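2 protein chains.
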Amino acid sequence: VGLIGGSFALSLRAAGKVKHIVGVGRGSVNLAQALKLRVIDEAAHVPAAAVKGADMVFLATHAGQVPGIMARIAPALERSCIVTDAGSTKQDVERHAREHLASHLECFVPAHPVAGAEKSGVEAARADLFQNKNVVVTPLPETSSTALQQVEVLWQACGARLHTLTPARHDEIFSAVSHLPHVLAYAMVDQIAGHPEADLLFKFAASGFRDFTRIASSSPEMWKDICLANRAALLQELHAYQALLAKIARFLEHANAAEIEALFQRAQAARSRWIESNQ
Amino acid sequence: VGLIGGSFALSLRAAGKVKHIVGVGRGSVNLAQALKLRVIDEAAHVPAAAVKGADMVFLATHAGQVPGIMARIAPALERSCIVTDAGSTKQDVERHAREHLASHLECFVPAHPVAGAEKSGVEAARADLFQNKNVVVTPLPETSSTALQQVEVLWQACGARLHTLTPARHDEIFSAVSHLPHVLAYAMVDQIAGHPEADLLFKFAASGFRDFTRIASSSPEMWKDICLANRAALLQELHAYQALLAKIARFLEHANAAEIEALFQRAQAARSRWIESNQ
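Residue numbers (my numbering), protein chains in the order written: chain A, 404 to 682; chain B, 404 to 682.
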């Protein structure tokens, strides 16, 4: 019951799509807070007990926790209970589902709401978090159209824009536009922090640095899990980026003004087109 | 008369520190706009003519333009005219000043207002741009204390916080906290833009990507100049970053969860301390 799970609960309640919400979590303080904020109606610590009688289960936890939770809820799921998730990586979720929810795949709808934030915990949850945000569903061949539709209806009720991709395609795309930038931002901050005179450097870091590194304030545990869950695609993007930096280093070594400006120009123009198309 | 020059003019006028401001520029449209917005009192295209009779000259132009402008204004400067600049790199400015303003070094005060923005042009100029912003002065051994003081008084009138560094020290620090992040952001956008399916990737890029790449909307000409002007220090930081990425790639290849999380953890903690100390 963190940012994503809490916001899904608040959105669906605001849309009148839910009756009774059971929140499951590791931390008692967070669950008590979720009850107090009326994000959930009931708190539970044992996943298997919590899913008893549920019409739908929403797995909104770190990638590293998913297989264990799937294994624990599998025997307790109602036959027609829809299971969906919010993971930032989808091939690993498919793999885990095939292992732990093998007899429940018809009702399993992998999904990824693209609405992260560097904040976490239920206190960051908001009923409008998914408004106009992308949600990617990556149905398995076994996923029934009924289950898919039910999950899509709920995300639409949250104001999200739905897209469908295969798990592999999803992971390629997000390794490039999300996972790699997170790695680069963490690395940038770590490089400054590791300088012998880190304090002096941070003193002169300004708003450009602040925005560039905002995502380095994201949860280290969560992002370690994401990077490992999607490491094949991430490594491919990282290697491409390393090759690009090596090329830029050569341009700098040879003071190749034309190539440097051309690259900056291309990037600036591409970003402008993207920003404009988003408005 | 762009973001920096225009904002300096507006701030000083608001503080009652100037009488008559002559704006010099390459573009007639921008200068006409500067006159219309009353940022300047008079527009000029020929630097040597513009500095005649001036008490102070503020060079707020791309690093690549600085030597040419210094050479053109040198013969026309009044004997006691203070010359200062706003360059993001300072060793190259010192080099250019030694070459082109050799007989005027006593009155030369290199400075760097740390208040960039991805916007440019006089229309982006604001009287409060430098409020609570850092301004680094890097006086040369020849710079007179009178000249230094006069420049400091003006920046204080703009609400800036003054710091003093040597040119070399300045360039090391800013290569790490500013120039490298710009290169990384341009490279990231260029990598996505160069993908065979760039449109699909951009479609799923979200707010994390937007903030991470905001500085890639900065002026390509200006940043090409900065990167070249400071390429020795920048290459050193870039090589350190390449080594760090190689280390991260190895962690990923070996699925070394502990090392990945430790690095992310360190970065997140360092960024939190920095953000808190800035508030």
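These are calculated hints, taken from the structure and not from any lab test.
These numbers were taken from a predicted model, which means no experiment stands behind them.
Don't take each hint at face value.
Copies of one chain are not kept apart here, so a pair can be met inside one copy or by any two copies together.
Said to hold, decoys possible - Capping the alpha-carbon separation at 20 angstroms, the derived lysine to any residue pairs in SDA-like fashion look like this: (1) 536 <-> 681; (2) 522 <-> 678; (3) 606 <-> 620; (4) 422 <-> 624; (5) 650 <-> 598; (6) 650 <-> 418; (7) 536 <-> 436; (8) 650 <-> 639; (9) 522 <-> 425; (10) 420 <-> 463; (11) 420 <-> 468; (12) 455 <-> 590; (13) 422 <-> 643; (14) 522 <-> 613; (15) 522 <-> 614.
Each hint tested on the structure:
1. 536 <-> 681: within (11 angstroms within a copy, 31 angstroms between copies)
2. 522 <-> 678: between (24 angstroms within a copy, 14 angstroms between copies)
3. 606 <-> 620: within (18 angstroms within a copy, 24 angstroms between copies)
4. 422 <-> 624: neither (32 angstroms within a copy, 58 angstroms between copies)
5. 650 <-> 598: Between copies only: 17 angstroms across, 25 angstroms inside.
6. 650 <-> 418: Neither way: residue 650 and residue 418 sit 51 angstroms apart in one copy and 47 angstroms across, limit 20 angstroms.
7. 536 <-> 436: Intra 26 angstroms, inter 39 angstroms, cutoff 20 angstroms: neither.
8. 650 <-> 639: both (17 angstroms within a copy, 15 angstroms between copies)
9. 522 <-> 425: neither (22 angstroms within a copy, 48 angstroms between copies)
10. 420 <-> 463: Close inside one copy (18 angstroms), not across copies (58 angstroms); limit 20 angstroms.
11. 420 <-> 468: Classified as neither; 27 angstroms inside a copy, 62 angstroms across copies.
12. 455 <-> 590: Cα proximity of residue 455 and residue 590: none, with 43 angstroms in one copy and 50 angstroms across.
13. 422 <-> 643: Neither: 48 angstroms inside a chain and 55 angstroms across chains, both beyond 20 angstroms.
14. 522 <-> 613: both (15 angstroms within a copy, 17 angstroms between copies)
15. 522 <-> 614: both (15 angstroms within a copy, 15 angstroms between copies)
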